[in-house]
Amino acid sequence: MSDTIKITYREAIKQAIREVMQKDERVFLMGEDVGNYGGAFAVSKGLLKEFGADRIMDVPLSESGFTGAGIGASLAGMKPIVEVMTVNFSLLAMDQIFNNAATLLHMSGGQLNVPVVIRMGCGIGRQLAAQHSHSWEPFFAHVPGLIVLSVGTHEDARGMLLSAMESPDPVVIFEYTFMLNLEKEIPSNSGAVEIKKAKVLREGKDISLITYGAGVYKCLEAAEALKEEGIDAEVVDLRVLRPMDEETFLASVKKTHRALVVEEAWKSISISSEVISRIMEKAFFDLDGPVERLCGVEVPIPYPKDLEDASIPQVSDILEKVKKMLKP
Amino acid sequence: MIKFQMPNLGADMEAGTLVEWRKQPGELLHRGDIIADVETQKGLIEIEVFDEGTLEKFLVKEGEKVPVGTVLALINDGKAEVSESAVPEEEAAKPEIHPIEERPETPQKKTKKGERIKISPLARIIAEENHVDISLLKGTGPEGSIVKKDIEKAISEGVQQTQETQKKTDEVKEVSAKSAAPNANAMRMAVAAAMSKSNREIPHYYLEKRVDMSKAMDWVKEANKERPIQKRLLPVALLIKAVAKALDDVPDLNATWENGILRKNEINIGFVVSLRSGGIVVPAILQTDSKTVDEIMENLNDIIPRARAFKLKSSELSQSTFTITSIGEGGADKVFGLIYPPQVGIVGFGEISEQPFADEGMLGIRPVVDVTLAADHRATDGIIGSKFLASLNRHLQNPEEL
Amino acid sequence: MTEEEIKKTVFQLLQRIAPETDPASLMPEENIREALNIDSYDALQFIVSISEKLNVDIPEEDYGKTSNLKSLIAYLGKKLNG
Numbered sequence: 001m002s003d004t005i006k007i008t009y010r011e012a013i014k015q016a017i018r019e020v021m022q023k024d025e026r027v028f029l030m031g032e033d034v035g036n037y038g039g040a041f042a043v044s045k046g047l048l049k050e051f052g053a054d055r056i057m058d059v060p061l062s063e064s065g066f067t068g069a070g071i072g073a074s075l076a077g078m079k080p081i082v083e084v085m086t087v088n089f090s091l092l093a094m095d096q097i098f099n100n101a102a103t104l105l106h107m108s109g110g111q112l113n114v115p116v117v118i119r120m121g122c123g124i125g126r127q128l129a130a131q132h133s134h135s136w137e138p139f140f141a142h143v144p145g146l147i148v149l150s151v152g153t154h155e156d157a158r159g160m161l162l163s164a165m166e167s168p169d170p171v172v173i174f175e176y177t178f179m180l181n182l183e184k185e186i187p188s189n190s191g192a193v194e195i196k197k198a199k200v201l202r203e204g205k206d207i208s209l210i211t212y213g214a215g216v217y218k219c220l221e222a223a224e225a226l227k228e229e230g231i232d233a234e235v236v237d238l239r240v241l242r243p244m245d246e247e248t249f250l251a252s253v254k255k256t257h258r259a260l261v262v263e264e265a266w267k268s269i270s271i272s273s274e275v276i277s278r279i280m281e282k283a284f285f286d287l288d289g290p291v292e293r294l295c296g297v298e299v300p301i302p303y304p305k306d307l308e309d310a311s312i313p314q315v316s317d318i319l320e321k322v323k324k325m326l327k328p
Numbered sequence: 001m002i003k004f005q006m007p008n009l010g011a012d013m014e015a016g017t018l019v020e021w022r023k024q025p026g027e028l029l030h031r032g033d034i035i036a037d038v039e040t041q042k043g044l045i046e047i048e049v050f051d052e053g054t055l056e057k058f059l060v061k062e063g064e065k066v067p068v069g070t071v072l073a074l075i076n077d078g079k080a081e082v083s084e085s086a087v088p089e090e091e092a093a094k095p096e097i098h099p100i101e102e103r104p105e106t107p108q109k110k111t112k113k114g115e116r117i118k119i120s121p122l123a124r125i126i127a128e129e130n131h132v133d134i135s136l137l138k139g140t141g142p143e144g145s146i147v148k149k150d151i152e153k154a155i156s157e158g159v160q161q162t163q164e165t166q167k168k169t170d171e172v173k174e175v176s177a178k179s180a181a182p183n184a185n186a187m188r189m190a191v192a193a194a195m196s197k198s199n200r201e202i203p204h205y206y207l208e209k210r211v212d213m214s215k216a217m218d219w220v221k222e223a224n225k226e227r228p229i230q231k232r233l234l235p236v237a238l239l240i241k242a243v244a245k246a247l248d249d250v251p252d253l254n255a256t257w258e259n260g261i262l263r264k265n266e267i268n269i270g271f272v273v274s275l276r277s278g279g280i281v282v283p284a285i286l287q288t289d290s291k292t293v294d295e296i297m298e299n300l301n302d303i304i305p306r307a308r309a310f311k312l313k314s315s316e317l318s319q320s321t322f323t324i325t326s327i328g329e330g331g332a333d334k335v336f337g338l339i340y341p342p343q344v345g346i347v348g349f350g351e352i353s354e355q356p357f358a359d360e361g362m363l364g365i366r367p368v369v370d371v372t373l374a375a376d377h378r379a380t381d382g383i384i385g386s387k388f389l390a391s392l393n394r395h396l397q398n399p400e401e402l
Numbered sequence: 001m002t003e004e005e006i007k008k009t010v011f012q013l014l015q016r017i018a019p020e021t022d023p024a025s026l027m028p029e030e031n032i033r034e035a036l037n038i039d040s041y042d043a044l045q046f047i048v049s050i051s052e053k054l055n056v057d058i059p060e061e062d063y064g065k066t067s068n069l070k071s072l073i074a075y076l077g078k079k080l081n082g
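Protein chains in written order, with the numbering used here: chain A, 1 to 328; chain B, 1 to 402; chain C, 1 to 82.
These aren't lab readings, by the way, just hints derived from the structure by calculation. Careful, some of the hints might be misleading.
[Claimed, not checked] Calculated pairs, DSSO-like style, for lysine-lysine (alpha carbon to alpha carbon, straight line, at most 30 Å):
no. : chain 1 : residue 1 : chain 2 : residue 2
1   : B       : Lys57     : B       : Lys79
2   : B       : Lys231    : C       : Lys65
3   : B       : Lys149    : A       : Lys205
4   : C       : Lys8      : C       : Lys70
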């Protein structure tokens, strides 16, 4: 492991964007403030200088308009990366994403692929309140025709975009604002990662912590702390929210016989709802206790720091929950 | 090749646990041989085969609980094609076969307090595989549920096993009456299921006739004078014989109803035996019509203690074609029965007691019994039932001919 | 055979037929069958077992004398001891 580099989540994404732009001239980045300002979250800082205004494209504040333009460009043979500043604003582009990107292959009788990649910031950041902080992955994961990725680790931040650019079908990538400044070590030769499978990030035998996105590092930290309690937790990063890779988490549950699903999205009709349904359908007789979940509290994300923290699962919540489940 | 199936031992039976194989692959089987012991809600039943052949192989392991109709074993009868076991009785109403696990209504074990046992699905499977009696365990999981750890502990301690395993490890082949007894609740549920089905599905009609028993009672009294005490007759043996004769006269009542009436060739009268611990079983006196009153009494002497000890054979439980319920002395004057599906009739005898009885212009005190008939109106009409009661009366007035 | 011995034998045989009851709690003139909930079939078995155990013949017309403890013991005492 001597060949590792320390890198922030933001830098990992930027390197990925640079790599795909260097590799393929058809690739361009479009979004609000991605050029002169360097990106609302500074992900694309410096790229305007390197690639020029034709390929790092500032767009008007019209999500529906520029997302539609990106879809059109992809139909015309280009390879656009559309950046939607936060998931909150993506609702304005929903019509383009759901009604065009997701359906055109079907409605054209298989003639039109839509190889667009749409990135969006997701989850809480630094007290950005209900206007900018929601976790709406479940909305997108509901829609057939989309590939929905959740970037829960630095390796995926570095590698998911590379693979997404190869997809003939529309890919929505969720990046987590909260993690942008977080530094981690990744192999120095990190590159494309596969984007069809969930991944067991930590093996354990007592319980499966199934999570994605901002929940991944929290679960890994909790699993480490649980060692002291004599609890050996396995951590599964779902990574691909659609089409969901159930094989990986079902195998994990069949091994540990217990499961806790952790996500920041609101609890009702969520990713955890789907994961737990599939466990019930396909692993019921392997369960040694009820499957439980920790999810976002069902309120608009609050502004005050303490309330913001309280609105989503924290490491301490995971620890407490697992202990309660395994040592009632 | 013959498929030997889990028999249906009554309308209330949905599944049975194969407790023990009494024959081994390679053994020659004859009609009537006991091939296995099966545990049902009504206790441990000896299962007979109705085919000749060599036992080819077992398809169900000891300890497994399977639905009625599941193929338990293959019997080689020298024929290549596979046929279903020739179980007498057209109990063709085979339920769909699906594994027990997939049935959401699988009955749950109850604790003594009648509470449902909370146990994880995984723990339940491990418990079943290892024959751990979960009603004996204390759960340490969520909400006090029994989890894998608890079962593993029970297995390592090796004490808390179900009846089946206890029995398997038992040196003595004979099953003690106690271990064969189903729990009282299971028995209650079995009776409840059968009688609910009866009341729900069968449109009963009721007839009643008062029968002068003086000749019959005199005959029994005389007969008993000649008999040593062990061979003495109870009046009920005579009543059973008379019912068999009346059924021979009115065969429409010796039948089953399953989308149509089906007359039975044999007259096998089921006799309701109540259990001291609650509940009833209805063993059959096979071919009642061809037995003498003494033979019927012998049969009762054999079958009633076995019924009470839950040691009946499958044929005795599954082959009755008509049912008698008798209240006996010191009880109610009349009893109106519920038909045991898929049969089409049940006769009820009240207490034989002395009553004023008018006959040929004279009023006298005579032993009389109030006989009722409940019959399935889908299968027969009142005129048939009435003929039956008249015939029964006639036979009881000529006891020496019985 | 003393009255006490007869009583003991009767209790043993009743216990066998109605295992969950306590025959010792019977009142002398209480109807045995009603008190212990014994049906006509078991009643016959009871009489058969008495006759076998004590080697006495009990004709059917004497069944009435076996209905309570007092009369049963008196009846058996008379039969056994002349």
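A quick look at each hint next to the structure:
Taking the CA atoms of lysine 57(B) and lysine 79(B), the gap is near 15 Å; set against the 30 Å cutoff, the hint holds. Pair hint lysine 231(B) plus lysine 65(C) holds up; C-alpha atoms about 20 Å apart against a cutoff of 30 Å. For the hint pairing lysine 149(B) with lysine 205(A), the CA-to-CA distance comes to about 13 Å; that is within 30 Å, so the pair holds. Of the pairs offered as hints, the one joining lysine 8(C) and lysine 70(C) holds, with about 13 Å between alpha carbons and a cut-off of 30 Å not exceeded.
Violation of the numbered hints given earlier is absent; every hint is satisfied by the structure.
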